[in-house]
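Chains as they are written, first to last, in my numbering: chain A, 1 to 180; chain B, 1001 to 1117.
Among the clues, some could well be false.
Stated by the list, open to error - Across the chosen pairs, the derived CB separations fall in these ranges:
#, chain 1, residue 1, chain 2, residue 2, range
1, A, Pro110, B, Ala1058, 32 to 40 Å
2, A, Arg18, B, Glu1006, 20 to 28 Å
3, A, Ser129, B, Ala1058, 40 to 48 Å
4, A, Gly47, B, Leu1056, 34 to 42 Å
5, A, Ala134, B, Glu1006, 47 to 55 Å
6, B, Asn1005, A, Ala111, 15 to 23 Å
7, A, Arg23, B, Leu1099, 33 to 41 Å
8, B, Leu1091, A, Pro14, 49 to 57 Å
9, A, Val114, B, Leu1019, 39 to 47 Å
10, A, Gly47, B, Ala1106, 37 to 45 Å
To be verified - From the structure, some residues in chain B lie toward chain A, with a derived Cβ separation under 7 Å:
#, residue
11, Asn1005
12, Pro1033
13, Asp1062
14, Ala1072
15, Phe1105
16, Ala1108
Simulated from the structure, these hints should not be mistaken for lab results. These figures come from a predicted structure and were not determined experimentally. We treat Cβ as the ideally placed atom computed from N, Cα and C, and that holds for glycine.
Each chain, letter by letter, is given below.
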Amino acid sequence: MSSRRQREPIGFQPSKLREVEARDLGVRFAFGAAISAAAALVGTRFGPLAGGVFLAFPAILPAALTLIAKKESTRAARHDCRGAVAGVIGLAAFAVTIRLLWERPGLALPAASVAWTIVALTGYLVWRSIRTAAGLEESLPETDAGPGSTRSARAAQEARQRRTRPEDGPVDESAVTVPS
Amino acid sequence: VKPVNEWVILAIKAINGGLVVVLFALVGEVAKPKRFAGIFAAAPTVALANLTVTALTAGAKDFPAYGLGMLAGTTGFLAYGLVCPLLVDRLGALRGSALSFAAWFAAAAPVYLVVAR
C-alpha cells in the first residue's frame, strides 16, 4: 500500500446549494455591503489610494469562517483560511491589471477578473502539487462531510483494499455497510 | 445632466458589494475541497463592485491609484491569510479570524505609507 495520502479531486457540487441557508447569505450580504460602503467612503474622503487599500480588506472572512466552523468544523474553517492565500496572490494580479489597463475601462475590469482567476487557480494548483509531493496533501473527501463520515470513508477504504487482494475476488460495493 | 448624488452612489456600491460577495460565497459553497473553496474567500468582490460603479459614474482615471492602494491591502491580506489558520486553531473561528485583522493592519499600513509618499 502506498504511504502517500489520497487527495480529494477539485470540483463543484451544485447540489450543495440546497443546503445554503438564506440567513447565512444575509450575513454575507451585510458584511459585503458594509465593507463596500466603507471602502467607498474612505476613497471619497481620503482619496483613491487609501480607498484602494480597503478594496483588499478581508472583511467577509470572519463571517464566512464562523459559518463554516458552525456548519462543518474548525478544521474546515482553517482550510478555507489557508486556501484564501492563493486567492490573495490573484488579488495582486487584479490590482496590477487595473493599473496597467486603466486607459481602457471597458477592458480593465474583465481582464483583471480573468487575471485573478488564472493566478489564483495556478497558485492553488502549484501549492497543492508541492504538498502532494511532500506527502502532506490531505484527505479523503468524506472526512470533511460531518459526523459519521470518517467511518464511511474508512469502510470505503477497507473495501478498496479488499478489492486489491486477488485471493478475495471481486467486491460487491452494495454489500459494504457502514456501522451506525 | 444632473450629477448623481454622492450618497446614491455610495448606496449603489454597498448593494453591489453585498450582491457580488453573495455570488462568490455561493461559488465557494459548492466548490471542493475546502482549501480550493477558500480561494473564493479572497476573490476581488468588493473591488469589482466598487470599481464597476466608479468606472460608470466617474470614469477610470483613478484606477492606477486604486490599484496601488489595493497592492498595499493585498500585502495585509496575505499576512491575514498566514496568521488566520494559527489563530483559528487556538481561539476558534470567530475570535481567531477577527484578531487576524491586526495582521492585516500591521502589514498593510507600512506599505501604504511607503506608496503614499
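Here's how the hints hold up against the structure:
At about 19 Å, the CB distance of Pro110 of chain A to Ala1058 of chain B disagrees with the hint of 32 to 40 Å. The hinted range of 20 to 28 Å is not satisfied by Arg18 of chain A and Glu1006 of chain B, whose Cβ atoms lie roughly 41 Å apart. In this structure, Ser129 of chain A and Ala1058 of chain B meet the distance hint of 40 to 48 Å, their C-beta atoms being roughly 43 Å apart. As the Cβ distance of Gly47 of chain A to Leu1056 of chain B is approximately 20 Å, the hint placing it in 34 to 42 Å is violated.
Between Ala134 of chain A and Glu1006 of chain B the beta carbons are some 52 Å apart, a value that agrees with the proposed interval 47 to 55 Å. For the pair Asn1005 of chain B and Ala111 of chain A, the supplied restraint of 15 to 23 Å is violated, since their beta-carbon distance comes to about 31 Å. For Arg23 of chain A paired with Leu1099 of chain B, a C-beta distance near 25 Å fails the hint of 33 to 41 Å. For the hinted restraint 49 to 57 Å between Leu1091 of chain B and Pro14 of chain A, the CB-CB distance of approximately 34 Å leaves it violated.
For Val114 of chain A paired with Leu1019 of chain B, a C-beta distance near 20 Å fails the hint of 39 to 47 Å. Separated by about 22 Å at the C-beta atoms, Gly47 of chain A and Ala1106 of chain B break the suggested range of 37 to 45 Å. Proximity of Asn1005 of chain B to chain A is violated relative to the hint, the smallest CB-CB distance being about 12 Å (cut-off 7 Å). With its C-beta approaching chain A no nearer than about 4 Å, Pro1033 of chain B sits inside the 7 Å limit, and its interface hint holds.
Restraint check, Asp1062 of chain B versus chain A: the minimum CB separation of about 4 Å is within 7 Å; hint holds. Evaluation of the Ala1072 of chain B hint against chain A yields a held restraint, the C-beta minimum of about 5 Å falling below 7 Å. Contact between Phe1105 of chain B and chain A, as hinted, is not supported at the beta carbon level, the nearest pair being about 10 Å apart and thus beyond 7 Å. Because the closest C-beta pair between Ala1108 of chain B and chain A is about 6 Å apart, less than 7 Å, the hint holds.
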